[in-house]
Amino acid sequence: MTRRSLTGWGRTSPTSADIVPAADASVVEDALGRAGRRGVLARGLGRAYGDAAQNAGGTVLSVTAQGASITIDQHGVASVSAATTIDDLIRAALPQGWFVPVTPGTRQVTIGGAVAADIHGKNHHVDGSFMSHVRSLSLITPTGARRLSSPDPLFWATAGGMGLTGVVLSAEVALTPVTTSRMAVDTERTADLEETLTVMSDGDDRFRYSVCWIDCLSRGAHLGRSIVTRGDHAGVEALAPDAAEDPLAFAPRRPLPAPPWAPSGLLNVATITAFNEAWYRRAPRRERGAIQSIGQFFHPLDGIEGWNRAYGRRGFLQWQILIPFGSEETLRRIIERLASARCPSFVGVLKRFGPGNDGHLSFPGPGWTLALDMPVGPAALAPLLDELDDAVVSTGGRIYLAKDSRLRPELVEAMYPRLAEWRQIRSAADPQGVMNSDLARRLRLLDPQGAPPPAQPGSEPAGAGAGLNTLRL
Amino acid sequence: MKDALGRPQSILAVGATSDIARAVLAQLADAGTSRMVLAARDRDRLADVEADLRKRGVSDLRAISFDAMDVSSHAGMVAGAFNGGDIDVVLVAFGVLGDQLSDEHDPVAAAAVMQVNATAAVSVGVACADALAGQGHGVLVALSSVAGERARRSNFIYGASKAGMDAFYQGLSASMADRGVDVVVVRPGFVHTRMTAGLKPPPLSTDADAVADAVVRAIGGGSATVWVPKPLRLVMAVLRHLPTPVFRRLPL
Numbered sequence: 001m002t003r004r005s006l007t008g009w010g011r012t013s014p015t016s017a018d019i020v021p022a023a024d025a026s027v028v029e030d031a032l033g034r035a036g037r038r039g040v041l042a043r044g045l046g047r048a049y050g051d052a053a054q055n056a057g058g059t060v061l062s063v064t065a066q067g068a069s070i071t072i073d074q075h076g077v078a079s080v081s082a083a084t085t086i087d088d089l090i091r092a093a094l095p096q097g098w099f100v101p102v103t104p105g106t107r108q109v110t111i112g113g114a115v116a117a118d119i120h121g122k123n124h125h126v127d128g129s130f131m132s133h134v135r136s137l138s139l140i141t142p143t144g145a146r147r148l149s150s151p152d153p154l155f156w157a158t159a160g161g162m163g164l165t166g167v168v169l170s171a172e173v174a175l176t177p178v179t180t181s182r183m184a185v186d187t188e189r190t191a192d193l194e195e196t197l198t199v200m201s202d203g204d205d206r207f208r209y210s211v212c213w214i215d216c217l218s219r220g221a222h223l224g225r226s227i228v229t230r231g232d233h234a235g236v237e238a239l240a241p242d243a244a245e246d247p248l249a250f251a252p253r254r255p256l257p258a259p260p261w262a263p264s265g266l267l268n269v270a271t272i273t274a275f276n277e278a279w280y281r282r283a284p285r286r287e288r289g290a291i292q293s294i295g296q297f298f299h300p301l302d303g304i305e306g307w308n309r310a311y312g313r314r315g316f317l318q319w320q321i322l323i324p325f326g327s328e329e330t331l332r333r334i335i336e337r338l339a340s341a342r343c344p345s346f347v348g349v350l351k352r353f354g355p356g357n358d359g360h361l362s363f364p365g366p367g368w369t370l371a372l373d374m375p376v377g378p379a380a381l382a383p384l385l386d387e388l389d390d391a392v393v394s395t396g397g398r399i400y401l402a403k404d405s406r407l408r409p410e411l412v413e414a415m416y417p418r419l420a421e422w423r424q425i426r427s428a429a430d431p432q433g434v435m436n437s438d439l440a441r442r443l444r445l446l447d448p449q450g451a452p453p454p455a456q457p458g459s460e461p462a463g464a465g466a467g468l469n470t471l472r473l
Numbered sequence: 001m002k003d004a005l006g007r008p009q010s011i012l013a014v015g016a017t018s019d020i021a022r023a024v025l026a027q028l029a030d031a032g033t034s035r036m037v038l039a040a041r042d043r044d045r046l047a048d049v050e051a052d053l054r055k056r057g058v059s060d061l062r063a064i065s066f067d068a069m070d071v072s073s074h075a076g077m078v079a080g081a082f083n084g085g086d087i088d089v090v091l092v093a094f095g096v097l098g099d100q101l102s103d104e105h106d107p108v109a110a111a112a113v114m115q116v117n118a119t120a121a122v123s124v125g126v127a128c129a130d131a132l133a134g135q136g137h138g139v140l141v142a143l144s145s146v147a148g149e150r151a152r153r154s155n156f157i158y159g160a161s162k163a164g165m166d167a168f169y170q171g172l173s174a175s176m177a178d179r180g181v182d183v184v185v186v187r188p189g190f191v192h193t194r195m196t197a198g199l200k201p202p203p204l205s206t207d208a209d210a211v212a213d214a215v216v217r218a219i220g221g222g223s224a225t226v227w228v229p230k231p232l233r234l235v236m237a238v239l240r241h242l243p244t245p246v247f248r249r250l251p252l
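These protein sequence lines are chains R and Y, in that order. Residues in the first sequence are numbered consecutively from 1, following this note's numbering. Residues in the second sequence are numbered consecutively from 1, following this note's numbering.
Mixed in with the good hints there might be a few duds.
[As the list claims (entries may be wrong)] Here are some chain R residues the structure puts well away from chain Y; computed CB gaps all over 12 Å: (1) Asp73; (2) Ser136; (3) Ser138; (4) Glu277; (5) Glu305; (6) Arg423.
[What the hints assert, rightly or not] Rough simulated footprint, nothing fancy, chain R against chain Y, three-plus residues with beta-carbon under 8 Å: (7) 134 to 144; (8) 171 to 181.
FYI, nobody ran anything at the bench for these hints, they're computed from the structure. Even for Gly, the Cβ is constructed at its ideal location relative to N, Cα and C.
Can you make the complete structure from the sequences, with help from the hints?
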């Protein structure tokens, strides 16, 4: 056990915790049984942007110590350990003609993390989010080990439950059959937001995968200009003869390392505007059926290892929102406000979601999701995002907890109307409030009052309350 | 918890009625800090501060009594302050100026300046550091002074006390670095406050709002030592290295 400082992927708000490598169930059970008043949390690869995988002053179980373990049956159901990454699973499944049902923009997330955040991908409008493909999972809660499947309320409380219902040990995931490891991709460059929304609304249903890169710094006539890329798994007949010989080959390039240090402020409005311009110009105006690798299509960010360091010492955040269908006018106002505020933001991601699932805190729902990476630094950023959060709430939308690092706690209940129900299910599985995280403390997820969990015997700091003299003013 | 943009949700201000503390608390309240524990000796002034912060929308306010001279009460005061949940920021803002000319002939009064500014600052610092390290996060901001940089004829009793607390918090900063706790030493020059009312301000004097700006920025993250205003760092570096005969001839 070592005390170490941890941050999320955005490298903001470091806090210190006792790191315990959790190689098997007995270590997890032991840690949950001996938990102090600061509680326990499982952490995978730390890809959540904010403080979701931090537990200041408490115990953080490093589940990657468990290692990958993958068994795929003839029906394409993979039994995987929580520490298995999407990368591990793709490498194991593809040669057998299977693909992960949902992949985020990076392969470097664990199955445990995928469950805890109920991650989504470019196919959400067709296939839903990760938990819709999980047949069962094994969860160790502070009140015991459970085997869970839908419609068990604890199963759905764990879906997007940010690790606060217990520690996921393993899961059974239904895979998607594929005949090749390539993608057939259509690209369309749009001139403005109007065209972007129209192209996606009209055409998305013809594609299994759809996403759009949106430039949130361009203004005026170019407001919301985008690159829409959509596609599906390519059939063998679409491949060039040499590629067709080994249609399921998967050999992503080894990632280039990012420089170990970059000055804060390197990524500013000027440099990012230039980057966004180049990114837009580089894309073809219109292209049909281009063959891309899985890495190219799904995981552009995996090309550079540790790219998060490029934002410098102060780090960065991601603001990802859901705006329900019917509130496109608010979405437009948000994008206008972002463009006019001149807070630097990298090419963002805009996507149309399909229906949500039964996860109480699951993020996706019918509507548009917009995600933007923004360096920490400009003083105007905090009030700007606070203002935009209010606009999001006014539409009945929400912020993705796996990305959040700065939301005001008073907005959480409005964004997640099933939070009270989730709290009940959660506290039945964890009445002592053992599971905890910095995210939970900051957003008061466990308890609306934000009061600390009941202290456990023997863990009260010495002298608490002694000599205290509270004035009645 | 402090968020990614450096905004704390809670603060304990020890010496909450000092002008600098009031300015810091007002800024944080305006930026959304919702829970504040105010520790001070003077109940009437504390009630004033509390009323002001309530007007600024602080929903969870608690006032506790704090007597710097009663060192044995400090651990209990700090434990009580941390009892209501995590404290993201501790501001150590209490202090007295003393009266240099009369204190030079009054051993008890001279020692009292040391007791408040140095001894109590150390005892509060030790208690808070343990509590912050236990919760695994937090920022501890200690208000020092440039007066501690090199003892001057005009205020060396005050200067000695600030030198003591300054050295303590620098060391604490190093010892807390790997425990999730940031300790920031803030060294303002002459600040126009209640404490310095009636004194003749030297060049580079500043006010409580400017110091508060620097404190709030420091809470967001950054340097472990902060000078207000910034050029004082250079000025004091020069003064520190002047030969004694020259230094003594300066009107300081």
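Do the hints match the structure? See the list:
no. : hint       : result
1   : Asp73      : holds (42 Å)
2   : Ser136     : holds (34 Å)
3   : Ser138     : holds (29 Å)
4   : Glu277     : holds (27 Å)
5   : Glu305     : holds (22 Å)
6   : Arg423     : holds (17 Å)
7   : 134 to 144 : holds (count 4)
8   : 171 to 181 : holds (count 4)
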